[in-house]
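Given the coordinates of chain A, assemble chain B onto it according to the supplied hints.
Number of protein chains: 2
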Amino acid sequence: MASDLYIIVIGCGRLGAYLANQLSSAGNAVVVIDRNERAFGNLSPEFSGFRVEGDAVESAVLRQAKLDQADLVVATTRKDNVNLMVAQVAKVVFSVPRVLARVFNPKREEIYRRLGVECICPTTVAAEIFLRATAARPAAEAVR
Amino acid sequence: MASDLYIIVIGCGRLGAYLANQLSSAGNAVVVIDRNERAFGNLSPEFSGFRVEGDAVESAVLRQAKLDQADLVVATTRKDNVNLMVAQVAKVVFSVPRVLARVFNPKREEIYRRLGVECICPTTVAAEIFLRATAARPAAEAVR
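Those protein sequence lines, which keep their order, are chains A and B.
So that you can map any letter, position 48 of the first sequence is 48 in our numbering, and since no number is skipped, the others follow by simple counting.
So that you can map any letter, position 114 of the second sequence is 258 in our numbering, and since no number is skipped, the others follow by simple counting.
Calculated directly from the structure, the hints in this document are not laboratory data.
Incorrect hints may appear among the rest.
As the list claims (entries may be wrong) - Calculated pairs, DSSO-like style, for lysine-lysine (alpha carbon to alpha carbon, straight line, at most 30 angstroms):
id, chain 1, residue 1, chain 2, residue 2
1, B, K223, B, K251
2, A, K79, A, K91
3, A, K107, A, K79
4, B, K210, B, K235
5, B, K210, A, K79
6, B, K251, A, K79
7, A, K91, A, K107
8, B, K235, B, K251
9, A, K107, B, K223
As the list claims (entries may be wrong) - Listed below are several chain B residues computed to face chain A (Cβ distance under 7 angstroms; list not exhaustive):
id, residue
10, L159
11, L163
12, N186
13, I255
14, L259
15, A271
To be verified - Computed, partial: chain B to chain A, Cβ under 8 angstroms:
id, residue
16, L216
17, L244
18, P266
19, I273
All figures in this text were calculated on a predicted structure; none of them were measured in a lab.
C-beta: ideal position from N, C-alpha, C; glycine also.
Bound-form chain A, shown alone:
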C-alpha cells in the first residue's frame, strides 16, 4: 500500500472510516470530511489524521481540507450524486491526480470515467463474487 500520500476521504461511514483507518495506519497523511460530526466515531482510536466537519459539496470545505495538495481523493458518501460532484470538482477545480469514487448505480460509471474518475460499484463487485461462489460449489453437490 502507498504510505507517503496526502489523502482525502469524503464521507466517514463504514467504507470511508475503514479506508481512513487503513490508509492512516499505513503512514499516509489522511483527512476525513463528513457533515455529521458523529460519523467520526467510526474512526479507530489510532487514526492519526484530521477530521473536517462540513458538507463536501461546498468549495470552502474542500479548501479547508486542502484539496489542492491532495495526491488522492476518495469519495465514499452514500449518495452517488455527491460523490460524482465532489469527484468532478476534485479533478477539474483542484487538479487532484487521482480520484476514486464509490458509485451504487453502475449506470453512472461511464459518466465518472469520462471525467477521469475511477469508480468502484459495490453492487457489481458483490454480484461477481456471488457468481463465483455459485460456481465454486462443493464437489459433493456437483454430482447431485
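This is chain B only, laid out in the frame that chain A set:
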C-alpha cells in the same frame, strides 16, 4: 458457472436481478422472490425463470417457491435481518445445501457463518478494492 441447479434468489433489486439474469442465462432453473411486484421489472426480457410475489419471511411464500428442492438460495434483500432470517430458515427448516447472503454490516458475518451461511459484504469487498486501487497508483505519481 454451474448450469443445472434449482436456485432461489430472494430480493429482486439490482443485485438480485443481476444474479437471477446471469444464473438463468447459464441454464439454471431460477425462482426470484420479491414482495414488490415492480421489482421484477429489473429482470431482463430473456429471464426464463419464475417470479414469486410475496414476503420471503413468510414460510408459505418459501414453500410456494419450493425451497425444499433448492440446491442454492441467495438472499439479497436490502435488509440484513431479512437475509439472516431467510438464510436461517433455508438452512434449518428446508435443509438447503448451499445458502449465500448479502450482509451490509460485517459485524453480523460471524452469526451467519455459525449457521453455515456464506456471507458477502459489499462494503468490505469494496474497501479491499479501494485499498488495492490506492496501492496501484500510476508510476508517474509514485515518484512525486
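Now for the hints, and whether the structure bears them out:
1. B:K223 - B:K251: 14 angstroms, holds
2. A:K79 - A:K91: 18 angstroms, holds
3. A:K107 - A:K79: Distance ~14 angstroms between K107 of chain A and K79 of chain A Cα, so the pair holds.
4. B:K210 - B:K235: 14 angstroms, holds
5. B:K210 - A:K79: 38 angstroms, violated
6. B:K251 - A:K79: Distance ~23 angstroms between K251 of chain B and K79 of chain A Cα, so the pair holds.
7. A:K91 - A:K107: Given pair K91 of chain A, K107 of chain A holds - Cα atoms ~20 angstroms apart, limit 30 angstroms.
8. B:K235 - B:K251: 20 angstroms, holds
9. A:K107 - B:K223: Holds, because 23 angstroms separates the two Cα atoms, which is no more than 30 angstroms.
10. L159: 5 angstroms, holds
11. L163: Cβ of L163 of chain B sits 6 angstroms from chain A, so the hint holds.
12. N186: 12 angstroms, violated
13. I255: 17 angstroms, violated
14. L259: 16 angstroms, violated
15. A271: 5 angstroms, holds
16. L216: 6 angstroms, holds
17. L244: OK, holds: L244 of chain B within 8 angstroms of chain A, min 6 angstroms.
18. P266: With a closest approach of 4 angstroms, the P266 of chain B hint holds.
19. I273: 5 angstroms, holds
When the structure is compared with the earlier hints, violations turn up for hints 5, 12, 13, 14 and for no others.
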